[in-house]
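**Q** If you want the building blocks of each chain, they are given just below.
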Amino acid sequence: MMISKQLHTLIASLILISLTGCERCNPDSCDPPCDAIATPYALEIPPFFPPMDIPEDNPLTVEGVELGRLLFWEKSLSADGTMSCGSCHLPSAGFADPNQYSTGITGAQGVRNAMAIVNIGWSTSFFWDGRTTSLEEQILEPVSHPDEMALPWDEAVTRLQNAPNATTQIDYPSRFAHAFGPGDITAERTTQAIAQFLRTLISANSKFDQWRRGETTLADDEFAGYEMFLREGGDPEVTPGGQFGGDCFHCHSEAGLQFSDYLFRNNGLDSVFTPDPGLAGVTGNALDSGRFKTPTLRNVALSAPYMHDGRFQTLEEVIEHYNSGGVPSTTIDPFMKYNSGGLTLSAVQKGNLLAFLNTLTDTAFVSDPRFQDPH
Amino acid sequence: MEKHKNFFTIRLDILVIAFLLLVGCRPQPNEPEIPGSIRLDFNLQWNGEDCAVGAVQTDHLGHPVRIDNLQMYIAPIEIRNERGEWLEINDVALLDFGVHGQKITAAADVGTYNAIRFGMGLPAEINTDIDPASYANDHPLSVPGSAGMFWTWSSGYVFVKYEGKFATESGEQLIEPLSYHCGTDASYRTVVFELEDVFAIESQELTAFTIDFNAAAALVGEQDAIDIVEDPVTHNAQGTVLGERLMDLMDDAWNLTRQ
Chain A
15 MMISKQLHTL
25 IASLILISLT
35 GCERCNPDSC
45 DPPCDAIATP
55 YALEIPPFFP
65 PMDIPEDNPL
75 TVEGVELGRL
85 LFWEKSLSAD
95 GTMSCGSCHL
105 PSAGFADPNQ
115 YSTGITGAQG
125 VRNAMAIVNI
135 GWSTSFFWDG
145 RTTSLEEQIL
155 EPVSHPDEMA
165 LPWDEAVTRL
175 QNAPNATTQI
185 DYPSRFAHAF
195 GPGDITAERT
205 TQAIAQFLRT
215 LISANSKFDQ
225 WRRGETTLAD
235 DEFAGYEMFL
245 REGGDPEVTP
255 GGQFGGDCFH
265 CHSEAGLQFS
275 DYLFRNNGLD
285 SVFTPDPGLA
295 GVTGNALDSG
305 RFKTPTLRNV
315 ALSAPYMHDG
325 RFQTLEEVIE
335 HYNSGGVPST
345 TIDPFMKYNS
355 GGLTLSAVQK
365 GNLLAFLNTL
375 TDTAFVSDPR
385 FQDPH
Chain B
25 MEKHKNFFTI
35 RLDILVIAFL
45 LLVGCRPQPN
55 EPEIPGSIRL
65 DFNLQWNGED
75 CAVGAVQTDH
85 LGHPVRIDNL
95 QMYIAPIEIR
105 NERGEWLEIN
115 DVALLDFGVH
125 GQKITAAADV
135 GTYNAIRFGM
145 GLPAEINTDI
155 DPASYANDHP
165 LSVPGSAGMF
175 WTWSSGYVFV
185 KYEGKFATES
195 GEQLIEPLSY
205 HCGTDASYRT
215 VVFELEDVFA
225 IESQELTAFT
235 IDFNAAAALV
245 GEQDAIDIVE
255 DPVTHNAQGT
265 VLGERLMDLM
275 DDAWNLTRQ
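Sequence lines, in order, name chains A and B. FYI, the numbering for the first sequence is 15 to 389, going by our numbering. FYI, the numbering for the second sequence is 25 to 283, going by our numbering.
I should point out that these hints are in silico values taken from the structure, not numbers from a laboratory. Since the model is a prediction, treat every value here as computed from it, not as a measurement. Treat the hints with care, as some may be off.
[Said to hold, decoys possible] What the simulated footprint calls covered on chain A by chain B, stretch by stretch (three residues with Cβ under 8 Å from a Cβ of chain B suffice, anywhere in the stretch; the number is not a length):
1) 229-237
2) 365-379
[What the hints assert, rightly or not] To give a feel for the contact side, a few chain A residues facing chain B, derived at Cβ under 7 Å:
3) 51
4) 60
5) 134
6) 135
7) 139
8) 141
9) 243
10) 244
11) 246
12) 269
13) 270
14) 275
15) 344
Just so it is clear, CB atoms sit at the ideal spot from N, CA and C, and this is done for glycine as well.
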């Protein structure tokens, strides 16, 4: 009799907890019920791409990805309601910023060009200096950074909890409940949702991808440029093993069709590294001075300006920089031909290289309606 | 009566579970022995002294030299038992001497062994015509696992990266590039340690060795010597002989001691 009474009490308690655990969700707006399990998102990994490592505590769901899209484009996540993540990561610019430096809501400018968001689910570190190693962690920074969106996270969370309101029409409490289940809106859940969305930003339908899949052919200059891309640089009389190539593939590796190895290198832009030491600012190691993350070349024709500080406006300037060999320093990458006369590319070879780089443009990706501003 | 029946049922359940727990843990007569493990601690040296990537050294010709990046694939690692059979304990690993404390720990069958060997580089069957994307991302040959160590599908993986800077004269700034990238099937070498004293792997016990790599010996040995001023670069995927000379020198640059 005693056992039976205790059992009834336990069952009643469990029912009470399961009911009150959903208290943040307005039952009228929960359809399906807010404690329903979110729908797994079927992420399609393109041919030749590696598997994508997705954190176990943030699996992709249909509801989470859609919420992340809303948040990515949500201007109420900036202090004055004028900027969203998408303000500096424009689809038309390959999800990068066409300005050299991004301008925050106060008018302040950073010192680096906003990186293109493309195939970022395969990236192993984030920011030009790699100061975060998870996408979720990376997303925390721009919202609260005083020179960017300048909104403290507690205020951001409050705004989302109080939605819909005058600044946003989206019922975020319901959206979060559908994506993550019962519980408060938090900064962590917000970054998780945005990260889910960003992992779906996959570009794999450029002309090069189509050629790689055997669906089209490359023009002669494009193919010649691809061969240049894969050849060692330099005159073999000066640089052993040189093949008069572009020497691009070492860093912009075609392994997994990522066109980046996501490592950090000094590509010979400067001989001194103030005010921006790059990776050394994170590691404190002088040998990392001037080293920045290798960006992917996907959609590179759309994502000008170039380099960590956006100093080059055109791909022609970029090619010319590498052709020159770069500026010597104690940390310049040995791939750069700074002491052997550069790559010595002819005008035709440079043109071929440019033609190849243009084959990496994926217009279907940048115009994909699933990635555009839904507000 | 009903109450007594329930009580009896519960007690029976407890007895059954207790019985299973007891007998389930008893070793069966033919159950294989639980293996032991072996750990190899890789240590970077310069002419017998421990050193670190990024430190300035002096080569055999007096040139100041700084190794900034030293990575290599070793595959496979094997131990030889007293019947002369080589048993693989690890298929492939990527050593990065820029990361302190490179260790490889592997399970090994209980027994007595008299030699250890590993391949420096990758055997042909896992080198060329391999798609790195076919591996899980935590594998050393995967896209992220091989970052910076993969040439192309046809030329395969870089076996050894020995990169840095040097100066032609003492006192000068270290600004000349040193870039040795060794690969190709023909560059694959096997490092063998014949042990005077056999070692035993005991069940569930760890046996550890230290393997020193003398980075200076990659440049000079009994049979050959490389002048980094004359030969500062090789990418021997293009068939240059310098890469194979380096691999030959590095073949003799290892030393193993029992811990």
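**Q** Now, for every hint given, state plainly whether the structure supports it.
**A** Evaluated hints:
| no. | hint | in the structure |
| --- | --- | --- |
| 1 | 229-237 | violated (count 0) |
| 2 | 365-379 | violated (count 0) |
| 3 | 51 | 27 Å, violated |
| 4 | 60 | 10 Å, violated |
| 5 | 134 | 13 Å, violated |
| 6 | 135 | 11 Å, violated |
| 7 | 139 | 10 Å, violated |
| 8 | 141 | 17 Å, violated |
| 9 | 243 | 10 Å, violated |
| 10 | 244 | 6 Å, holds |
| 11 | 246 | 5 Å, holds |
| 12 | 269 | 5 Å, holds |
| 13 | 270 | 4 Å, holds |
| 14 | 275 | 4 Å, holds |
| 15 | 344 | 6 Å, holds |
This entry does not satisfy hints 1, 2, 3, 4, 5, 6, 7, 8 and 9, going by the numbered hints stated previously.
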